[in-house]
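So the sequence shown is numbered by the numbering used here: it starts at 1 and just counts up by one.
Keep in mind that the hints were calculated from the coordinates and are not lab data. By construction, the Cβ of each residue, glycine as well, lies at the ideal position given by its N, Cα and C atoms. Where hints are given, some of them may not hold.
Stated by the list, open to error - Simulated restraints on C-beta separations:
hint, residue 1, residue 2, range
1, Phe80, Glu123, 30 to 38 Å
2, Met156, Leu226, 35 to 43 Å
3, Glu242, Cys64, 50 to 58 Å
4, Thr639, Glu670, 15 to 23 Å
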Amino acid sequence: WTIPANLAIALKDDFIYAAVKIENEVLIVAKDMLDYCLEAFGYKNKNYEILDEFKGAALEGQKCAHPLVKRDSVLILAPFVTLEAGTGCVHIAPGHGQEDYEIGLKYGLENYAPVDDDGKFIEDVRYFAGQFVFDANDNVIKKLNEAGALLGHFPMQHSYPHCWRCKQPIIFRSTEQWFISMEKNNLRKKALAAINEVKWIPAWGHDRIYNMVENRPDWCISRQRLWGVPITVYYCANCKTEVLTKDMLDHLVKLVEANGADIWFEKEAKELMPKDSTCPHCQSSEFTKETNILDVWFDSGVTHAAVLEKRENLQSPADMYLEGSDQHRGWFHSSLLESVGTRGRAPYLSVLTHGFVVDGEGKKMSKSIGNTVETEEVINKYGAEILRLWVAAEDYTDDIRISDEILKRLVEAYRRIRNTARFILGNLYDFNVDSHMTDYDEMEEMDKWALHRLQEIIRRVSDAYERYQFHVVFYTLYNYCTVDLSALYLDILKDRLYTTKAGSAARRSAQTAIFLILKAMTRLLAPILTFTAEEIWKMLPSWSNKETSVHLTRFPEVEGKYLNPELGDNWKTMIDVRAEIAKALEQARKEKIIGHSLDARVSIAVPEKMKALFENHLENLRALLIISQLQLVAENQITRPYVSDEFKGLMVSVEKAFGKKCERCWIYSESVGEDKQHPKICARCAENI
């Protein structure tokens with residue numbers, strides 16, 4: 001049925017076409033499709049002669065005669081022509097298909113669609129006027145056959161568009177619409193320049209929207225709907241031209257302010273115009289009005305003006321627009337074009353894009369499948385903190401998975417973070433911030449290292465927040481709590497916190513460090529675990545000028561006085577060596593030499609370059625290992641050594657610790673029983689009590 005609307009035939013520029021003589025006719029087809037075409041035309045066993053071969057580009061601009069209408073069809077070139085089926089020559093009707101329309105624009109073809117609103121051919125269509133397009137299919141074939149223009153006729157199975165609601169086949173029909181030109185006033189060029197000025201997160205968002213704007217057609221902003229924001233244009237009933245003067249627009253603005261936008265649909269054109277309005281072209285006083293509405297994407301695209309510019313407490317351009325990745329084609333796109341067209345700049349300084357929420361297996365959520373997860377259910381079951389933690393923990397640059405199993409893992413992660421805070425708070429019960437804080441220079445070296453490590457965490461977390469990498473924030477803080485603190489530093493501190501004198505310098509040093517750690521960590525967590533951070537903050541010991549809420553504090557910054565790269569390097573080496581010695585301890589445990597690590601006496605031989613470090617930090621390394629005794633010896637003094645693969649020259653031997661086990665600190669010591677008043681504890685503990 002689209003043959004009557006044909007205006008062109010498309011070829012592919014680099015395909016080879018053949019002029020084939022057969023039964024006194026010359027046919028032009030793609031050479032690679034010749035056998036297919038001869039069979040389709042019923043010429044399979046006929047003799048033929050190839051008169052000439054040429055590329056499609058050679059025929060550009062040539063003209064053919066339309067088989068049913070006294071009209072030429074021009075030969076054009078199009079990239080969508082394929083050799084999958086057919087002749088390699090594609091029928092083009094610019095009024096009845098998007099690709100046809102777009103290639104027609106390139107060649108200046110008329111946007112010809114001879115079909116009315118009821119799907120019937122208009123009166124000037126010869127043979128088929130008044131016929132419904134689908135009913136005309138057989139008649140078109142019949143007329144082609146009568147004209148001697150039908151070479152073949154057989155059914156083909158192909159994909160055809162259908163209405164999403166009623167499932168009936170639809171047709172494409174070009175109609176008059178309102179467009180915003182991408183070329184007039186250099187809108188495309190200006191928009192592309194504006195894209196380069198915006199920060200795109202993730203960075204690939206830049207290329208995505210840039211390519212869309214670079215290759216997009218003009219923007220069709222009119223829609224045929226019963227309700228929406230009206231396109232406020234009048235038409236002269238006499239000369240049919242569009243009419244909209246400033247006086248008319250100002251008058252309409254007042255009517256809309258008083259009555260709402262629906263007044264456009266409720267009143268006739270004359271009732272919406274200033275009294276005695278006339279057409280500036282022909283002076284007629286009779287008018288009609290536009291009935292189309294604006295594209296809803298135009299509505300959303302002006303939010304920067306309607307929201308940001310109309311409220312004193314806001315500012316334009318926006319610091320950030322954030323939405324799903326589909327909005328490069330939607331809201332980000334329409335907002336950009338509208339703002340650039342009216343204000344000469346993008347409406348935003350940065351744009352953040354996230355993926356879509358899917359189930360635990362990466363499948364799209366669907367109520368019919370039953371894999372949806374309701375936020376209210378998550379909050380009721382796990383609490384709002386877990387929902388926020390899930391949002392932060394997932395890498396939003398990809399699709400975001402959620403399932404009960406994922407949430408359970410986050411519940412466990414939350415417990416570990418919370419338990420770390422509980423442990424620290426429990427050990428600050430007698431700590432007065434204003435009077436017990438230890439000066440940095442007087443702190444134990446291990447505590448200085450802990451504060452150095454804290455600065456590294458603050459730097460990494462702050463940087464991740466600045467780059468909107470919230471999953472990096474979560475995993476950095478989670479690993480800090482579980483690995484650096486719970487499994488290492490806090491575990492080692494237990495001896496100092498539990499066994500030394502309450503007011504001793506060593507214990508106050510430890511309390512100072514863990515106070516500063518929790519004070520900073522709470523503020524780092526606050527944007528994500530808002531209630532938990534507030535709860536921790538209120539439980540922290542008070543001090544003068546303490547803010548009433550964690551959300552009223554300043555975000556932590558790296559403090560230079562706590563940074564000590566040399567100290568950090570030394571402790572990193574000791575922690576790495578600790579991991580190797582732990583392997584030897586595990587082997588001794590398997591061999592029943594020891595049970596707990598405190599049962600052990602460890603001897604180590606180290607490479608020459610490490611000797612000075614370990615001679616100066618032997619007690620710190622013993623504390624790191626949570627063993628009773630550690631000695632540095634020569635290689636020839638090591639018996640049954642564990643030889644490290646990671647550190648060349650590191651040798652370790654483990655034996656049962658000397659002395660007896662102190663019932664207070666659990667460390668083996670030969671001093672247990674020396675104090676007759678306390679026969680079951682070591683001399684250190686006896687002194688402390």
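Please name the hints from earlier in the document that this structure breaks, with their numbers sorted from lowest to highest.
When the structure is compared with the hints, only number 3 turns out to be violated.
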